[in-house]
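Guided by the hints, dock chain C onto chain R, whose structure is given.
Protein sequences, first through last, are from chains R and C.
Under the working numbering, the first sequence is numbered contiguously, ending at residue 145.
Under the working numbering, the second sequence is numbered contiguously, ending at residue 713.
Think of the hints as simulated: they come from the structure by calculation, not from any bench.
Built from N, CA and C at the ideal position, the CB exists for glycine as well.
Watch out, some of these pointers could steer you wrong.
Taking CB as the label site, the calculated pair distances span [to be verified]:
1) C:Ile615 / R:Arg89: 18 to 28 angstroms
2) R:Glu84 / C:Gly618: 46 to 56 angstroms
3) C:Arg708 / R:Gly35: 38 to 48 angstroms
4) R:Lys45 / C:Leu657: 41 to 51 angstroms
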Amino acid sequence: ETGVTQSPTHLIKTRGQQVTLRCSSQSGHNTVSWYQQALGQGPQFIFQYYREEENGRGNFPPRFSGLQFPNYSSELNVNALELDDSALYLCASSSTPDREKLFFGSGTQLSVL
Amino acid sequence: GQQLNQSPQSMFIQEGEDVSMNCTSSSIFNTWLWYKQDPGEGPVLLIALYKAGELTSNGRLTAQFGITRKDSFLNISASIPSDVGIYFCASLGSGTYKYIFGTGTRLKVLA
Numbered sequence: 033e034t035g036v037t038q039s040p041t042h043l044i045k046t047r048g049q050q051v052t053l054r055c056s057s058q059s060g061h062n063t064v065s066w067y068q069q070a071l072g073q074g075p076q077f078i079f080q081y082y083r084e085e086e087n088g089r090g091n092f093p094p095r096f097s098g099l100q101f102p103n104y105s106s107e108l109n110v111n112a113l114e115l116d117d118s119a120l121y122l123c124a125s126s127s128t129p130d131r132e133k134l135f136f137g138s139g140t141q142l143s144v145l
Numbered sequence: 603g604q605q606l607n608q609s610p611q612s613m614f615i616q617e618g619e620d621v622s623m624n625c626t627s628s629s630i631f632n633t634w635l636w637y638k639q640d641p642g643e644g645p646v647l648l649i650a651l652y653k654a655g656e657l658t659s660n661g662r663l664t665a666q667f668g669i670t671r672k673d674s675f676l677n678i679s680a681s682i683p684s685d686v687g688i689y690f691c692a693s694l695g696s697g698t699y700k701y702i703f704g705t706g707t708r709l710k711v712l713a
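Just chain R, with the same shape it has in the complex:
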């Protein structure tokens, strides 16, 4: 059973740039969610995708967007990067009927300079 994998592991961008983060869900999982974890804090829910549609969103601006593909992998896109976007971005997958049980990847550490 393949776990959740994220790429890249680390990324450095400058303010105003755009970034795309990728996630492959655990085999058999049809739901993907994304989280932002600032240093010393708990993960903050960005959004969730189920069957290629967004079905829940946290308090993040529209410049945070995502996609889920037919194979259930996912992308997180962030436009017009700001310094405060520097964080660990975590992807988690889950499957019905236990969608609340999340399986996380190791994350992408994004630094915005």
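Relative to chain R, chain C alone:
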């Protein structure tokens, strides 16, 4: 908005000691989950609770869903060095899939 507050924020304990931590909120939740995060890794699910008063164990870990549905507790018995990490409680906003994580309890074990 809904928040989950964890205490203590951090703790040092001796190897072999029992550990208790809790998670409280001003809101009622129908599900409580506990995760552990090691440095450089994503959180790992430890225990899921679905019913007020429920007590569930996973090895040396025991968690309880508070009767008021506004809190949850996690106990670790006979701690070992690999218990080091950050423990997060989590729940789902009512009627949504908006996941909420607590502020975390950082556990450090002295050998």
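Cross-check of the supplied hints:
1. C:Ile615 / R:Arg89: 18 to 28 angstroms: Distance hint for C:Ile615, R:Arg89 is violated at roughly 39 angstroms.
2. R:Glu84 / C:Gly618: 46 to 56 angstroms: Between R:Glu84 and C:Gly618, where Cβ atoms are some 50 angstroms apart, the hint holds.
3. C:Arg708 / R:Gly35: 38 to 48 angstroms: violated (25 angstroms)
4. R:Lys45 / C:Leu657: 41 to 51 angstroms: holds (46 angstroms)
Figure legend: structure checked against the earlier numbered hints; hints not met, in rising order: 1, 3.
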